[in-house]
Amino acid sequence: MKNSSRRGFMGKAFGAVAGVGAVASLFAMKRSWDPLPSVKAAGFTTLDMSAYKENELVVEKWRGKPIFVLKQSKEMLDSEGKNMSKLTGKTTSEMDKKRLLKIGDAHYLVCVGLCTHLGCIPGYRPDKKNFLCACHGGMYDDTGMVTKSPPPRGLDIPPFKIDGMKLVLGESSPEYEKMLADGVTLKV
Amino acid sequence: MAHFTKATSMHDWLNQRLGVDTLNRVLATEYWIPKNINFLWAMGMILAITFGILLVSGIFLLMYYQPNVNLAFDSVNYTIMQEVGYGWLWRHVHGVAASVVFLIIYIHMFTGIYYGSYKKGREMIWISGMLLFVAFSAEAFSGYMLPWGQMSYWAGMVITNLFSGGSLHADGLVEWIRGDYVPAQAYLNRFFMLHVLLIPVAIMGLIGLHFGALRIPHVNNQDGEEIDFDVESKKYLAGDTKNSKVIRFMNDFLAKDMMVVGIYLVFFFYLVFFHYDFAMDPVNFDPADGLKTPTHIYPEWYFLWSYEILRPFSTNVGLIAFAFAQVIFVMLPFLDRSPNTVPASRRGLFKYWFWAMLIDMIVLTAMGKVPPIEPFGTIGFYAALTFIGLWIALPFITKFEKKV
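The listed protein sequences correspond, in order, to chains A and U. Residues in the first sequence are numbered from 1 upward in steps of one, following my numbering. Residues in the second sequence are numbered from 1 upward in steps of one, following my numbering.
You may find that some hints are simply not true.
To be verified - Label-pair restraints from in silico Cβ distances:
(1) L36(A) with A7(U): 34 to 44 angstroms
(2) D21(U) with V17(A): 38 to 48 angstroms
(3) K242(U) with G8(A): 54 to 64 angstroms
(4) E56(A) with G205(U): 14 to 24 angstroms
(5) P126(A) with A48(U): 50 to 60 angstroms
(6) G19(U) with G21(A): 50 to 60 angstroms
(7) L103(U) with D127(A): 40 to 50 angstroms
(8) G8(A) with D21(U): 34 to 44 angstroms
(9) I216(U) with G8(A): 53 to 63 angstroms
(10) G19(U) with A22(A): 28 to 38 angstroms
(11) A22(A) with M258(U): 24 to 34 angstroms
(12) I362(U) with V17(A): 49 to 59 angstroms
(13) V168(A) with M331(U): 49 to 59 angstroms
To be clear, the hints were calculated from the coordinates, so they are not data collected in a lab. Don't be surprised by glycine CBs; every beta carbon is placed ideally from N, CA and C.
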């Protein structure tokens, strides 16, 4: 009786120590799978916004992801509100204005060029002024707003800071925080 | 301590220390297999041998493969394919075997479904088998990443994005799995580790469990007949082999088994030497480029049916349907409410359920391959609904099945 209770205690003591060790090991394993600090640190890209031409898509790179930059022409800005979203059945004009960045006198679409469905790169069609994702047929208008499912939302906008005619990606700003607060984009 | 005597032979020496005669009896000569079976019962051995082929060819590929985003593509397409003596052979064997193994797995699965080999004590055989299917799927996916071509990269992008859980937006989880914002060095390295170590070890453990699960309920037979293996094996050992319903695993059963394996290997090496290209996607001969999506992304043929269940719906519904399709086969022993363990042909409505499921999965596979345009989108949509509907109907049609 005395012996068996001593064995029971040994078992419980071992179990407790091993349990703590197991949890600690799982934590270490989880941390080992985390992105490295060097990966997280290499996250800023600066763009010179005066170089872009109207209705001509340029693909930049930020954190390994493609970034769409599309300078809006007057015609594109005027057509705002004409695009009807097949998802909501409403015009997209409200969202349109909030999605664009005003830098200098011009308006720009700056967004992550990955379909919000499963991450393929949509192609831009300058004649139709929209984006088509070839993977599953999703579509976006010229401000990156989704017009045809399966994508659940418009193209995501990366954190940005406007500095004169320069745009820094990866750094947040009051303008970007406002976009987040308005639900224009998700945090990337 | 056990008593040891001077060995009379090498065999006796080993037998005293390892009990090789007992092992041989338990595992082979007195492991009993029913006589009433057909060639479909050889699929297990074919799978074991194909796994062996994958292991051996993989070992040789591993000696020259470089898990580095700058070197991986060339190490496969230049070093292994052009420099290493017979490197092309290992690659084509490995690629073809990885594809064909799924064909055999599907035949093996549908054989089990047709003959009711997942019931009456055989549930663990089915469950361990489905766990093996999951492990083989993970093994195939991680291996597909390694050549680091366009399809590797974009399949990796799309599949890891599934873990964001649609509207849950678990982007942190996706980045954690990748070790980066996009598939890059950390991603390639960890999937290399998974492919050559962790998943193969898991597969070997599961194969052990799968075999172990067979021992008590034994192999099913063509009529689902409940055989008293003790009585029948005694009859066999007493010399009445004609009237016994069972035979030895070795050499009796294995002799016929290996004949089917032989026919399979002729087919297999025909593919390796003359039609290896079906397992080599041309798009994957372009190096990975994170700034260019291929115009049409599709998985290998064996994942097309579940991909097609994901595709026709909006993100969240698609993900739920996809998750449903991934786990539902595991539940088969519990969703089939009928006590009948007989071939589907004698089971009333279940007969139609079986063939409808098989045909529906073939349709899903075909629709998953074509671009998402009409009428394929609509056909795929209804095939996906049919798949879900069939599983929902299963408990009801089997509940009211007549006892045979």
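Comparing the hints with the structure gives:
no. : hint                                     : in the structure
1   : L36(A) with A7(U): 34 to 44 angstroms    : violated (58 angstroms)
2   : D21(U) with V17(A): 38 to 48 angstroms   : holds (44 angstroms)
3   : K242(U) with G8(A): 54 to 64 angstroms   : holds (59 angstroms)
4   : E56(A) with G205(U): 14 to 24 angstroms  : violated (56 angstroms)
5   : P126(A) with A48(U): 50 to 60 angstroms  : holds (57 angstroms)
6   : G19(U) with G21(A): 50 to 60 angstroms   : violated (37 angstroms)
7   : L103(U) with D127(A): 40 to 50 angstroms : holds (45 angstroms)
8   : G8(A) with D21(U): 34 to 44 angstroms    : holds (42 angstroms)
9   : I216(U) with G8(A): 53 to 63 angstroms   : violated (33 angstroms)
10  : G19(U) with A22(A): 28 to 38 angstroms   : holds (36 angstroms)
11  : A22(A) with M258(U): 24 to 34 angstroms  : violated (45 angstroms)
12  : I362(U) with V17(A): 49 to 59 angstroms  : holds (55 angstroms)
13  : V168(A) with M331(U): 49 to 59 angstroms : holds (52 angstroms)
The structure shown violates the earlier hints numbered 1, 4, 6, 9, 11.
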